[in-house]
Amino acid sequence: MEVPQDLKYTQEHEWIRVDGKKAVIGISEFAQEQLGDIVFVELPEVGSQIEQGSPFGVVESVKTVSDLYAPAGGKVTAVNKDLETNPEKVNSEPYGEGWIVEIELSDETNLESLLDADAYSEQCQKETE
Amino acid sequence: MSQAQVLKESKGPKTPGTPGLIFEEPIVFEMGSPGRKAYSLPSCDVPEVEIETLLPPAEIREAIDELPELTELDVVRHYTRLSQWNFSIDTNFYPLGSCTMKYNPKINETLARLPGFAQHHPMTPDADSQGSLQLMYELQECLKTISGMEHASLHPAAGAQGEFAGMLMIHAYHSAKGNPRKKVLLPDSAHGTNPASATLCGYKSIQLPSNAEGTIDVAKLEAAMDEETAAIMLTNPNTLGMFEKDILKITEIVHKKGGLVYCDGANLNAIMGIAKMGDMGIDVLHINLHKTFSTPHGGGGPGAGPVCIKDILEPYLPVPVVEKVGSKYRLNADRPESVGRLKSFNGNFGMLLRAYAYIRTLGPEGIRQAAQSAVLNANYIRARLKDTFHLPFTGASLHECVFNDKGQGITTMDFAKALIDHGFHPPTVYFPLIVKGALMIEPTETESKETLDDFIEAMKSIAKKGKEDPESFHASPRLSKVSRPDEAQAARNPKLRWPGH
Numbered sequence: 002m003e004v005p006q007d008l009k010y011t012q013e014h015e016w017i018r019v020d021g022k023k024a025v026i027g028i029s030e031f032a033q034e035q036l037g038d039i040v041f042v043e044l045p046e047v048g049s050q051i052e053q054g055s056p057f058g059v060v061e062s063v064k065t066v067s068d069l070y071a072p073a074g075g076k077v078t079a080v081n082k083d084l085e086t087n088p089e090k091v092n093s094e095p096y097g098e099g100w101i102v103e104i105e106l107s108d109e110t111n112l113e114s115l116l117d118a119d120a121y122s123e124q125c126q127k128e129t130e
Numbered sequence: 007m008s009q010a011q012v013l014k015e016s017k018g019p020k021t022p023g024t025p026g027l028i029f030e031e032p033i034v035f036e037m038g039s040p041g042r043k044a045y046s047l048p049s050c051d052v053p054e055v056e057i058e059t060l061l062p063p064a065e066i067r068e069a070i071d072e073l074p075e076l077t078e079l080d081v082v083r084h085y086t087r088l089s090q091w092n093f094s095i096d097t098n099f100y101p102l103g104s105c106t107m108k109y110n111p112k113i114n115e116t117l118a119r120l121p122g123f124a125q126h127h128p129m130t131p132d133a134d135s136q137g138s139l140q141l142m143y144e145l146q147e148c149l150k151t152i153s154g155m156e157h158a159s160l161h162p163a164a165g166a167q168g169e170f171a172g173m174l175m176i177h178a179y180h181s182a183k184g185n186p187r188k189k190v191l192l193p194d195s196a197h198g199t200n201p202a203s204a205t206l207c208g209y210k211s212i213q214l215p216s217n218a219e220g221t222i223d224v225a226k227l228e229a230a231m232d233e234e235t236a237a238i239m240l241t242n243p244n245t246l247g248m249f250e251k252d253i254l255k256i257t258e259i260v261h262k263k264g265g266l267v268y269c270d271g272a273n274l275n276a277i278m279g280i281a282k283m284g285d286m287g288i289d290v291l292h293i294n295l296h297k298t299f300s301t302p303h304g305g306g307g308p309g310a311g312p313v314c315i316k317d318i319l320e321p322y323l324p325v326p327v328v329e330k331v332g333s334k335y336r337l338n339a340d341r342p343e344s345v346g347r348l349k350s351f352n353g354n355f356g357m358l359l360r361a362y363a364y365i366r367t368l369g370p371e372g373i374r375q376a377a378q379s380a381v382l383n384a385n386y387i388r389a390r391l392k393d394t395f396h397l398p399f400t401g402a403s404l405h406e407c408v409f410n411d412k413g414q415g416i417t418t419m420d421f422a423k424a425l426i427d428h429g430f431h432p433p434t435v436y437f438p439l440i441v442k443g444a445l446m447i448e449p450t451e452t453e454s455k456e457t458l459d460d461f462i463e464a465m466k467s468i469a470k471k472g473k474e475d476p477e478s479f480h481a482s483p484r485l486s487k488v489s490r491p492d493e494a495q496a497a498r499n500p501k502l503r504w505p506g507h
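These protein sequence lines map, in sequence, to chains S and F.
Residue 2 is where the first sequence starts when you use the numbering used here, and the numbers rise one by one after that.
Residue 7 is where the second sequence starts when you use the numbering used here, and the numbers rise one by one after that.
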């Protein structure tokens, strides 16, 4: 299972890739595997504010429906419109073309409470036991 | 391979299904022939008038091309054949957890067809509707007795609307005290309709993580409960089929901060006649007549979700309210503080009638026995399958038990599909969300020991074969008319219309 070292993770299986003030958010390989075939992603509005730890969208698979929790707070600057017609990209490329939103971070200290790749891998390991 | 061979090969210890004459059936648009008609009317004996001379152009619909042209017999056979593809409680075991697919006793249907009820127009004045109003009034009284609540409204059309009605009353109650409050607490095992109802009433849903036993964590509830929290919405027994044993403590914590307690009564069938929600500190309860009181659902009929409340919420009841004045009954809509009207006329009256028939047929002792048998049946299945399947929560089960696919050779979805080849409807799968790969089995009270044994043997034989040859399950079900559709593709690219229409 792929857990890229350069990303930060939440306990709820979202990842965040930070580049200066901008950050891109998606769900992990483990999350897409657990969810199964994804059939719908509900995206937030561009320009809306999202809060750390609060739901900002929904991902629906053939098995279940899950909220997406924001790894960090900020203003949504872009959403992956492609997922409206091709939600399966979250399954096939969770860290690439399956990205979900881009935000402008409102408070970089939010990132301190997130998991690094090793801690996140350990958590996934525990969940499968 | 012939269907008979497939059947033989898939046979478990006992397979209820046998190949019968089930026909291929085209879509109705592919059938018929131009000019064919299902009627034969005498020639018109009044002058024909062009529709354009009567109506403005905007009101006239364009002609629809290519409607199927069929005889009456073509139509009857088409739909009768399609109906033979159906799976129903009248044909097979249907252990769909949380949905309570109870047998619908035929006496309910007979009584619902009595002309005095079936032909009664809903706009008939009260004075000429005394029988129907009496029935509604007496059903309310029965529900109050069974639930231990103080008032009831029969209007909500289904459970989710019952929830909505209850949350509207809670909102009205807090608003009347000067602050509608902002939040509603929900355990993470809740039905998805609960947060939806809270959100529709303007509340923010706050999720409460369950404790290790799968019930409400009292310490976490105490920490989350504050004076901006309008209510908790809980389900008792909960969606794991377990009784919330701390219910008295829970309702006390919520009441202490001025909040109210909403109970989703979807699982009332497990405790009816034994314990009363009103005694547990519940302020609002909805009851699914189509689960607990045996009225048809799941394609068989509309639901009915009466809402029961305590005195403090009485001013806000939906209108009209059925009242008894002296020996007469009437509908009263003159209630200024009411949350309003939720449903046209008198709710799904046909369902109220069937539920009333069920309650009066069973009587108090029968109601209690139905709950006891439902709990006994679920525990029989649990006891006989617990060595084959993993039980994620091991506390006492009531009317349903929740296993999962941990340690199996195949997934929960494979089990669901394979059971169809054994003649059983799959249990509820992947719910509640707090159980990974959940298989939620609810047998209800009416199943015989033989049926339960057949189901248990089927589950065991699938588990055994699933470990030996998991690949063979990916094509199941093989005996149903439609096998395994591509569910992901169907959800991603639904085709909802016949091409050209």
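Just so you know, the hints here were simulated from the structure itself, not pulled from any lab data.
Be aware that one or more of the hints could be misleading.
With a straight-line cut-off of 16 Å between C-alpha atoms, the simulated EDC-like cross-links for lysine to aspartate or glutamate are [stated by the list, open to error]:
(1) 210/F / 105/S
(2) 188/F / 234/F
(3) 82/S / 52/S
(4) 412/F / 128/S
(5) 349/F / 317/F
(6) 442/F / 105/S
(7) 442/F / 34/S
(8) 210/F / 128/S
(9) 23/S / 34/S
(10) 282/F / 232/F
(11) 255/F / 223/F
(12) 82/S / 108/S
(13) 263/F / 232/F
(14) 316/F / 132/F
(15) 226/F / 194/F
(16) 334/F / 156/F
(17) 189/F / 233/F
(18) 442/F / 98/S
(19) 188/F / 223/F
(20) 412/F / 130/S
(21) 466/F / 371/F
(22) 22/S / 119/S
(23) 442/F / 103/S
So which of the earlier hints does this model not fit?
1, 3, 5, 6, 8, 9, 10, 12, 14, 16, 18, 19, 21, 22, 23
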